[in-house]
Structure formats: C-alpha cells, structure tokens
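**Student:** Could you slot chain B onto chain A? The hints should help.
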Amino acid sequence: MASLIHFLFFLYSFSIIGSYIILGIISVFETIEYMKKNKFVNYNKILSSNISPSISIIAPAYNESLNIIENVRSLLSLHYANYDVIIVNDGSKDDSLEKLIKAYNLVQVDFLINEQILTQPLRKGIYKSTNPAFEKLIVVDKENGGKADALNMGLNISANKYVACIDVDCLLIEDALLKLIKPFLESIDKKVIAAGGVIRIANSCIIEQGKLLDINLPKKMLEKGQILEYLRAFLLGRMAWSRLNGLLVISGAFGLFDKKIAIGVGGYDTNTVGEDMEIIVRMRRYMEENKLKYRVAYIPDPLCWTEAPDNYKTFISQRNRWTRGTIETLRKHRKVGFNRKYNSMGILSYPYWFLFERMAPIVEVLGLIYFGYLIFNNEVGWDYIIGFIILAYLFTVLFSILAIISEELTYHQYKKKGTGFKMIMIAFLEPFVVHPFILYAAILGNKDYYFNKKKKWGAMTRKGMNKA
Amino acid sequence: MVENNYFVKSFEESSLVIQLVWICIIVLVFSIIFIIIYLKYLRSLLRKNDLLKIKIEKEYEASVINYLYAGNEAEEISAEQQAIIDELKSNISETFKRDILISTLLKLSYEISGEMAESIHKLYIKTGLIDYSLSKLRNKKWNIIANGIRELTLFHVKEVQDQVKIHINHPKTEVRSAMQLYLVNLFHFEGLAFLNDITTPISEWDQIQLLEVLQLHKNQKVADIKSWLKSTNESVVLFALKLAKIYNQYGVKDELMALLNHKNIKIRVDVIPLLSHLSIIEAKIILKNNFKELSLEEQIAFFEMMENVYEKTDKPFIMEHILNPNFEIKFFALKILKNLNIDEFNCFKDLTSEPEFVRIVKYIESN
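Chains as they are written, first to last, in our numbering: chain A, 523 to 990; chain B, 7 to 373.
What the hints contain is simulated information worked out from the structure, not anything from laboratory work. Misleading hints may appear alongside valid ones.
Just so you have them, the derived chain B footprint on chain A, three or more residues with Cβ under 8 angstroms [what the hints assert, rightly or not]:
| # | stretch |
| --- | --- |
| 1 | 557-564 |
| 2 | 569-582 |
| 3 | 899-912 |
| 4 | 924-938 |
Beta carbons: idealized from backbone N, C-alpha and C, even for Gly.
Next up, chain A with everything else stripped away, as it sits in the complex (with noise of 0.2 angstroms):
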C-alpha cells in the first residue's frame, strides 16, 4: 500500500514538472515565432484607419472613487481610430458617478438598449460627454450586480463588433487595442473569438496621466514574488496553450472578445467568481459543439499593468477566488472533461487544468500530511526526502529564472542596474515566502467552495498606482 501511494506521488510530481518543461519549450518557440512575425509590424497604418473594426471597452467600476478619473482618461487617450469606452458604474456608493459627471461633462441621455442578456437595471441612467473631447466615453450607471452582471450590461450597450473587458483600474499601454485586434483580423482560416495579452504588475512603477513612465520593482517581497509568478505564467504558459489552441482562461484584466459569440452564449456568468474563465470555456465549448473553427490567441506582449496585493490578507482573498473561480468552471463544464469530442479542449486543457491547477493544491497538503504521518511513525526515508525536496526546489528556481531569461529576450522591461540580482533573489526567495500563502489560500478556496457557498468576492482595497 505504501509503495502504491508512494508510487502515485512520484507520478504526479514527474508528470507536473513534465508539463511544465514540455509547455516552456513550446513557449519559447511560440514566442520566437511571435517576435519574428510582429517585429516590422507597422502598427500606425492601422492606429489612423477609419475602417479598422469598431471596438468597445467594457469597464466596469465599484466604488473606484479614488482613481475614476485619472483611470478613464488613461482609457480615452489610447491609439486606435475606432472605439469607446463603456464605463459601467455597478452601484457605487461612492461618489465615483458624481467625479465622472464634473469631470467629464456629462449629461443624461436617451439610449435605446437592445437587452440581450439580462442584467440589472439602470439605476440613473446613461451618460454622454457635452465635450467632443470625450465623445468616445458612455457612463452607465447601474444597480449592483457585481462584475460579470456589469460587462453583460456593456455587451448590451456596446454597438461596436469587438468588446474589450478590462479593469477599470488597470493601465492599458497606448498601443494595447492595436495589438490585440491584429489576432482577429490576420487569422485566415479559424474564428478568433478572444484574445488576451500579458498583464504585468505596476506596483511602484511611476504613472503619469495615465502613462507608465518608470518600471521599477517594488519593496515588498510579496509583490516582487507576484511579478515573478506573472512572468512564469503568462510568458512559459499561456503562449504554449495559445500555440496548442488550449487556452482555458483571457485574463479579466484585460481581453479582447468576438461580440456576436459573447452575447450568442449569453455573455459572462453571473453565479461564478471565476466569471473570466468561464467565458471562454463557454465561448470554447459553442464552437465546439457547432463545429466551427476558432481559436483563442494570445500575444506576449505586456498590454496591460495592474495593481496587485501588497499584503497577505488581499493576497489570500484574491487567490481563494481565483480558486473558486476554478473550481466552478471545471465543475460546471465537467461534461468538456477527458471528452474527444471537444479536441484539444477535452482532451489537453481541461485534465491539465483539472489535475495540475485544481488537485495541486489538494495533492500538495495530503503529500504534507501523509509526511507528517511518516515522521509520526518513523517511516520517512530522509534520503528520499531530502534529496526530492531539493529537486522540487531547484526545479521552481530554474524555471523561474528561465522566465527572466525569457522577460530579458523578448522585452527586457526591467533595465535597471541591480533588478537582475533582485529578480535572481526572488526566484530563490519566492518558494518559501509566497507559494506557502498560495497554498494556504487555494485550501481556503476549496473549504470555501465547498462549505460556505454564499461567499463571492473579497474585497480588494485600491492604493492607487504611483504617481509621478
């Protein structure tokens, strides 16, 4: 019996870090070719074109008080002919509406609303600027519904052919739309349906009127422990998933969506708090199902910054939702699961995401308690023990540091002298000062999820970025 747990542990083990080489290298070659293709790319030709396709970004705002203003003017200044912006102001109590209407000259209007998916209703209305300046900017204002009820009221509204999701707190670079939309229009033989781009973390970087003006790496161990994650995972991860078509998740931080397939499947799922994930399972699984060709690109370009937590409690919040978030949509489309029917989805993605991101952590905690068992009974083999353990580690740290490497080649953001040695120490440190606060939250996540169904989503308290 020992052996066979024994043996089932190794296999997991082997099999997780066999993914992860296997998705790493698959990465680098998607993203050399990526590079190679976009490096002459002349973005401007398009950046002044009236024909380029309309696009709508969908942001949605809950007592954003603090940054509303400077957050929206960032979102107004972006290059790209064709687009506005949709504020969606979900029942802020806070004087976030009042700040847009001063700010931005706005006035009530009459809107015709083609209600396709239900969602709250308005609570004062719509708003258009009197100012040409913003003629791009429609505010809505709107009973609290959370977030997903939020971007379904801007499907509604939007009368443009391709929706960006965002955060409404997050900084999109000037170019961001421009390079997302390209997916969509170069691809040939294959639907694109959603496309995402890297998000990078903006703690202690300068932000001036909207535009990222410094990169620096922030104090707290945390934080820089977050940067590496991010890199780790959006730059050896997600572009291997693009390249195998296998993307199960658009960052919901920013995302670029097919309008006519996001609201043809009845936009974003209001009864989850993994509303980004499920989306594109559901968006996946109609293609599926009506034997289209489609695909869900990704590009790796750092498109959008965001805050991330700076202290363990938002940290653990944050990431008990993500893993709730998870766990919803593989149950909820368990039916896509090991499933031939659904390509490259049922039988790559959805065991990936299912046995390497929804097991982990469950894995993990009972290879810890069943080591507890061992030493309780002086059965541990500290040779075995000791040199795995060392394995395990060394293994995170190489991986890591090859997504530095990786971060180096592609956009080598983190010019300053000494970040080297920092990103370095980090990928030394991380293992021990973030993963253990991961760990802990996803088993949080899991009790929550399935001991305390009223819980959503944990309040994420807003610095505001560095200013300048």
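**Tutor:** What follows is chain B alone, placed relative to chain A:
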C-alpha cells in the same frame, strides 16, 4: 577528505532512484549557475548594446547629414560624399551596425522630403545596403525574406519588382503581406494587379494596410475593379468591395448585384450596405422580394439599407416587420413607419405591451 569519502560512500550505497535524484540535483545546480551567469551576461550585453546603439546612431546621423550637405552641382558625388559612403560601407558588414544604419536612414528620410529624401534613397544603394536587402530575398528563412522586401519598400527600390513578385503565393502570410505592401507602396493602384494572380487569401489586417497605403497616394483614380469582384478568391472580392466603397465605384453595379447571390455569406452581407451607399435602388426590390430566403444578418443589413431608401410603397412590407422577433429589424421597421406616416405609427404604437416593443416605441417617439 574523510567527509568526501563519506558522501561518495553514501551515494554508492543508496538506491538507484536516490542516485538518479542526486545526479539530477547536480545537473540542476550547474544549470542554474550557468543560466545565472548567462542572465548576468545578457543583461550587461543588452545595456551595452542600448548605449552603443545610441552612440552609433548619433554618428551615422551626423555622417548622413554631412553627406546631404556635401554635394555640389558639378559632380554627381563629391569627394567628401564619396568618403562618407566609403566609411559607411566599411561598417555595414556587421548586422548590428547595418540595422542601425538602415533605421537611421529611414528616420531621416521620414523627417525630410523632396531631393534630400531622394538622396537618402540613393545613399542606401551606394553604400551597398541594397545588396544585403536583395540577398535576403534569396534566403530560405521567411522572416528574412519579409525583412528584405520591407527594406526595398521603404527605400523605394522599384527596379526589383520581378524578384519581389515571385513571392506572391508564398506559404507565409508575412512574406505575402510584405510583397503586397511593396507593390502598393511603390506602384499604387497599378500595384494592385497582383490581385489578378493571387490564389492565397488576403487577411483583413493586410486589406486594411493596403487600403491605407492607397489613400496616402495623390492620384486617387482607382483601377478597374470589375474582374476582382468576380474573382474566385473570396478575399479579393471582399477587398474589391472595400475599394468600391471608398472610391465610390458606381460603374460596377451589375457585378455588385450579382454578388447578392454569392455563396459566401460575408460577401452577401457586405455588399448590401455598399449597394445602399451607392444608392443602387434596384437592389432593394430584389432583396425585398427574397427577404424570407435571406439569412438574419442579410435581413438586418437590408433593413439598415431600407432606412435610407424607403418609399411609401414599402409600407405593407414594413408593417409586416414591426413585430419581427429581431430587435434591430423591429427597431428599423418602427422607425421607418414613423418617418413614412406618423399617424399610422401612433395607431400601431400600442399594438402590443411586449417590453422590448414598448421601449423601442418610446425611444423613437422621443428622438
């Protein structure tokens, strides 16, 4: 020594699995040390290259500006200019420096115009950079071919079009795209002749780029697009539709009408607003008579068209659709009805208490 012996002995006495694990650990430790050294080297190199690039760019910029002002009317190339050419030539064997020179030349050519810009294009040829670009066309790697074509485009080298055109149906989209942009940038509407021969699809991205290049050109006299509207390559037809709209091609009415029966739904849907834009009223009658056979997308496009071309005789048809289950069609039908006859609109506005209908009526009444 004793300690070392202990470790060696322990290793030899341990099981195969443990031995394997320790071998992996040693490999990983050395790998980590190696990649840390590499990372350090890489960061230093990138920083050094950034600084070097700025320095060389400044030097090249100064040389090129000197070259531009060193000419005299007596000679095609003055002695001073020849010296600058020779100096630049001696540097371009290194890819790093060559790329900087190309980007410097391009940067300066964007900032100036007329004879000066022409001189920069000549400098590109005289320094031998053109030979490097041409050699790229013969390379096996697609990204190098695309880069070569791009350089020839940016320096307006028209004479090599035959060498560029051979890539018309290259398996890589990026090469085809570079080839198309070369032709359109340098030969404008005449360059579009490649549409007669292309068998591979032109992506929406490439179509937009081509149209934007065409619009920059002074001569806006479009080539004959009839044959492209009949092309078996559907992307060529879609591109021709865009050309027809931008350049108001009234002369292709028959070809456009024929496209209403095209097998590709996107073409059928795209041609409807174009017919409306060109005020080709005959299309309305055909579409109205076949309305039930149209797809929903075509039906919506047709109602958008109707908004601009409705007549009193259309009232019975419009009345049939004021309760259409589709939101857009219902909206257009009610709006047209109000414009046709407000009294009748008022009569029918209470036809049903269906919330969607009521909202549309309210909106139309107040706008």
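**Student:** Tell me whether the statement that chain B covers the stretch 899-912 of chain A is true, taking a Cβ distance below 8 angstroms and needing three residues at minimum.
**Tutor:** It holds, with 5 qualifying residues against the three required.
**Student:** Closer than 8 angstroms, Cβ to Cβ, for at least three residues: run that test on the stretch 569-582 of chain A against chain B and report holds or violated.
**Tutor:** Since three or more residues must qualify, the claim that chain B covers the stretch 569-582 of chain A holds, with 5 doing so at under 8 angstroms.
**Student:** Given as covered by chain B, does the stretch 924-938 of chain A meet the bar of three residues or more with CB within less than 8 angstroms?
**Tutor:** Check passed, 7 qualifying residues.
**Student:** State whether the coverage of the stretch 557-564 of chain A by chain B holds or is violated, taking the criterion as 3 or more residues with Cβ-Cβ distances under 8 angstroms.
**Tutor:** That given contact holds, which follows from 5 residues of the stretch 557-564 of chain A lying within Cβ reach (below 8 angstroms) of chain B.
Figure legend: structure checked against the earlier numbered hints; every hint is met.
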